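Asker: Line order of the protein sequences matches chains A and B.
Going by this note's numbering, the first sequence opens with residue 79, and the numbers climb by one from there.
Going by this note's numbering, the second sequence opens with residue 185, and the numbers climb by one from there.
In case anyone wonders, no lab produced these hints; they're calculated from the structure.
Careful: at least some of the hints might be erroneous.
Stated by the list, open to error - To spell it out: a stretch of chain B is covered by chain A in this simulated footprint if at least three of its residues, at any positions, have a beta carbon under 8 angstroms from a beta carbon of chain A; those stretches are: (1) 206-215; (2) 259-273.
Stated by the list, open to error - Restricting the straight-line Cα-Cα distance to at most 30 angstroms, the calculated cross-link-like pairs of lysine-lysine (BS3-like) are: (3) Lys241/B - Lys133/A; (4) Lys241/B - Lys151/A; (5) Lys241/B - Lys197/B; (6) Lys156/A - Lys133/A; (7) Lys148/A - Lys241/B; (8) Lys133/A - Lys148/A; (9) Lys133/A - Lys151/A.
In this text, all values refer to a predicted model and were calculated from it rather than measured experimentally.
Every residue, glycine too, gets a C-beta built ideally from N, C-alpha and C.
As a plain string of letters, each chain reads:
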Amino acid sequence: AQTVTQSQPEMSVQEAETVTLSCTYDTSESNYYLFWYKQPPSRQMILVIRQEAYKQQNATENRFSVNFQKAAKSFSLKISDSQLGDTAMYFCAFMTNTGNQFYFGTGTSLTVIP
Amino acid sequence: KAGVTQTPRYLIKTRGQQVTLSCSPISGHRSVSWYQQTPGQGLQFLFEYFSETQRNKGNFPGRFSGRQFSNSRSEMNVSTLELGDSALYLCASSLARQEGEQYFGPGTRLTVT
């Protein structure tokens, strides 16, 4: 069975600072995809960044980057130069390439403090 | 392109009733997935439809069902509503399963009283 664990229910960061959100997962699959989704208070879920497990290079998307440690089954999200608009719930998600079912973590509520 | 749309956005029902939620995917997307989001359980996968066929199903009772039409629009039905069914129901669409990237709708907030 696939599981995704986010151990930080809530986090806060000062505006312009850097914050890292943690995510671990468990799977016996060798090929899969990992995602970070953001859900602002308006509730529309937005894809932040994705990582293919076969790629060793960590994905980067502007101020967002990941630290993907395949052996440790860890997939953390780093947000640099935090902005007020980054305040949201962040979900880590996992999908095997044999199906289209997503497994989500329970989320981390991030608050950016002015 | 228009995004994923869900109707209605808000719904209030009483126990024992049934409800149908609708989801229109992004044009060209053939895969539609449904999720239940609650504060305690987070996001839980309900089912996924691809080309009118249910391809994957989560661990929910048979009261939860769905279907997909030839234009890829999908409906989800919950019969004999229970208080615990109160949740935000999210629909997500994707082109196909290969890349896995899903685009979410705004959700339908269902309240069961």
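Asker: When the structure is checked against the list of hints, which entries are broken? Sort them ascending.
Answerer: 1, 2
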